[in-house]
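Got chain A; can you put chain B on it based on the hints?
Number of protein chains: 2
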Amino acid sequence: MEEIFGRQQSILIANVNVDGNVADIYVNDDGTIGGIGDGIRWEHREDADLIIDGNGALALPGMVNTHAHAAMSLLRGYADDMILQDWLSQKIWPLEAHLTPDDVYWGTKLACLEMVRTGTVAFNDMYFMMEEAARAVGEAGIRATLCYGFIDLFSPEKREAECKATEKLIHHIRSLNNSRIKASVGPHAIYTVSPEGLKWCAEFAAQEKIGIHIHLSETEKEVTDCLTAHGKRPAAHLEDCGILTSQTVAAHCCWLDEAECTLLGKYGVSASHNPSSNMKLATNRAMPYHWLAAAGANPCLGTDGCASNNNLDMFKEAKTAALLQKFFWNNPTLLPAPDALRMAGNNGAKALGLPTGKLAVGLPADIILVRTDISCNTPLHNAASNLIYSCSGAAVETTICNGQVLMLDGIVPDEEKILTGAAKAARSLVGRAQSS
Amino acid sequence: MEEIFGRQQSILIANVNVDGNVADIYVNDDGTIGGIGDGIRWEHREDADLIIDGNGALALPGMVNTHAHAAMSLLRGYADDMILQDWLSQKIWPLEAHLTPDDVYWGTKLACLEMVRTGTVAFNDMYFMMEEAARAVGEAGIRATLCYGFIDLFSPEKREAECKATEKLIHHIRSLNNSRIKASVGPHAIYTVSPEGLKWCAEFAAQEKIGIHIHLSETEKEVTDCLTAHGKRPAAHLEDCGILTSQTVAAHCCWLDEAECTLLGKYGVSASHNPSSNMKLATNRAMPYHWLAAAGANPCLGTDGCASNNNLDMFKEAKTAALLQKFFWNNPTLLPAPDALRMAGNNGAKALGLPTGKLAVGLPADIILVRTDISCNTPLHNAASNLIYSCSGAAVETTICNGQVLMLDGIVPDEEKILTGAAKAARSLVGRAQSS
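So the sequence lines, in the order shown, correspond to chains A and B.
For the first sequence, the residue numbers in this note's numbering are 8 to 443.
For the second sequence, the residue numbers in this note's numbering are 8 to 443.
For reference, chain A alone in the conformation it holds in the complex (with noise of 0.2 Å):
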């Protein structure tokens, strides 16, 4: 097994469906699709170091979850149904205020073994503690854009404590060389971060050529509150802090209006929709995915972190969306399947700048298989449909990133190890909170 895992090699996926044709995948040893359509298998089968058998496997470009905090899976049903500010104050802040950087670390092998699991194959985290995150991404095999949480809480002093930190992690993920591994700056939020913090963030990235990651009118009074302190409402407040460009992942975006959305649409800012958290937390208003995808903006799709949702799989976050979106604003037409699997995978590629989220010759083999011999894809009247309202993650067999098979027929190796690892962090975690 070991040598069918995590190696540069080249691939002969046989007997897949590609966009409703039987067809076979080529993936070249530098790990890119060399060939997609019927046959392939005829030019390649002597030659490929692995043979696949799709055994007519819905092939898919790999999700692209564009909002976690990939550590806190540990954090996973510690606290749930409560009100927002007795659930941070209360449960997880005190909890994350024991955490070390190993507990970062398995709390990240344990998310990418989920994502691997239910096909995600690049995502957007936030967090701290990163370079044991970007170490826990390096050995799952994944992609990911990690940020430090900036927050400043409007104290000069911690402003620059931040813009250290900060600093800091884009010159360690740099020097890791890791094409899979990127950084991104993450101011936290309007009321968390300072103007002049924000507007550093803003100067920093343009600098560095990186991208922002954000959360953005998750609450009403996030609203209420930025409109009393400045007189305009959030989207507004960072486009004059340089925070809105192509490179800008705005989470939540649940209490934008129609004008903001039009902002959002001018900077081409990605607008990552975070239904589940949404819903647990009762924001009581969805992202308004029709007004952004008419403005220009670039609307994908994010879990937000397993204290919130509580897991990280991107086929049940888009059915979540598809349903919200048709229920909130009360249209059955919204946000059709095949509109959900976009948002699940070419914007979310999009979003982070990944030359990813098709099916294409030439570009790195993310590809994911999905089971069509399980009672989810049957009868399959209709692939996108299955894909979002029938089936979830559980029924991704194969999941391969940059031309390296991460997941093969549901074995992902080293599993059981990085479960009892994660669960030991988890447990000792707790018991040093209770303890203190």
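Hints should not be assumed to be uniformly reliable.
Put simply, identical chains are the same to the list, so a pair is met inside one copy or across any two.
As the list claims (entries may be wrong) - Heads up, simulated DSBU-like pairs for lysine-lysine below, C-alpha to C-alpha not over 35 Å straight-line:
1) K239 / K357
2) K431 / K206
3) K365 / K98
4) K216 / K357
5) K365 / K431
Calculated from the structure, these hints are not laboratory results.
Frame of chain A; chain B shown alone:
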């Protein structure tokens, strides 16, 4: 393998997690639970016909789906993202016009397979050609309460035919003499059944001492039309017709006002929440769980048919319910995980008058095992939170109904045959509809 599945035998389930405690479960060869506790294994390791290694899995009572149209699994993904009336008149009804008894058999087989896989051991079904549904349920080994969808469209002639069809099904199901398969009376809804039809259904159900299964207050139009026609809201109209009883399951219940909830509570009606279907079809309001629970009604959970969900996974449905209640009623503390779990199991069993829905000595053994050596249950801070918010039915590894093993370690006998037969039936059905 054949010796394990679908037979009466004594079973020792060793090393499972029951309500947070390590325990073993013994199932008598009459299908009832003989013992639950730590160390049961030492008593029965010699005499058990079958020993199942639970490997630390969570043992739960099986899920009960209180509103389905099982055979519609053949229509899964056939038409989505449409306005209700277009969807019905342009897609669903034309296809249903070509349904044969064989289709209902294969559709119900497929549905039962999916339910067994995702931990559902009983369901409440409304459709037609239900003799074939009963045949499929008989073979599948789970429990069902089946009704013929009574639709008289306010015509006395049609009403007579519907009464006969209802009587015929009940006699047929009685003749099967299968304790797992029960009949109920199925007046479709107030907008498809005349007051005379509703009254006949109520009287017939009382006479036969069986339950009633009806759609109630799914859309706002149902309420406004009812106010126009009868000068009262739907629940009050049902009360007038005698439909509200402690053996009545009312599906959807989206648009109930507080007085109607009180009415349902007064009669002990079961209200089946179908959140995915309601969101997908944009009903624009969520069942008032908190009013129903406070009034003493029995809130339970259902998936609706696969044409409007598009799956039968009660774990996913329970999460959607927990999220939708919080979101729509704007309170993150509503429908916490333990209540959502109870709604999907115990309350469902109560709705169908089943003695199951909990794990207790002497009760029929309807037991499911949910894996813990899996990312959705890692870490395991809180089992109810993980089950509702993190896992899905894919985490179920073993399903036992009435003491018979239906799935063991993810293996369901005849799965391939069922998938192939159902896929063939669905293709043929679409072919007939398109060539007509």
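Right, here's what the structure says about each hint:
1. In this homomeric assembly, K239 and K357 come within 35 Å of each other (Cα to Cα) only inside a single copy, at 29 Å, whereas the closest approach across copies is 53 Å.
2. Proximity of K431 and K206 under a CA criterion of 35 Å is satisfied in neither setting, with 41 Å inside one chain copy and 61 Å between copies.
3. Taking the shortest Cα distances, K365 and K98 sit within 35 Å of each other only across copies (31 Å), while inside one copy they are farther apart (40 Å).
4. Proximity of K216 and K357 under a CA criterion of 35 Å is satisfied intra-copy only: 16 Å inside one chain copy versus 61 Å between copies.
5. For the identical chains of this complex, K365 and K431 are inter-copy neighbours only, at 31 Å across copies versus 38 Å inside a copy, given an alpha-carbon limit of 35 Å.
Hint compliance for this structure: hint 2 is the single one not met.
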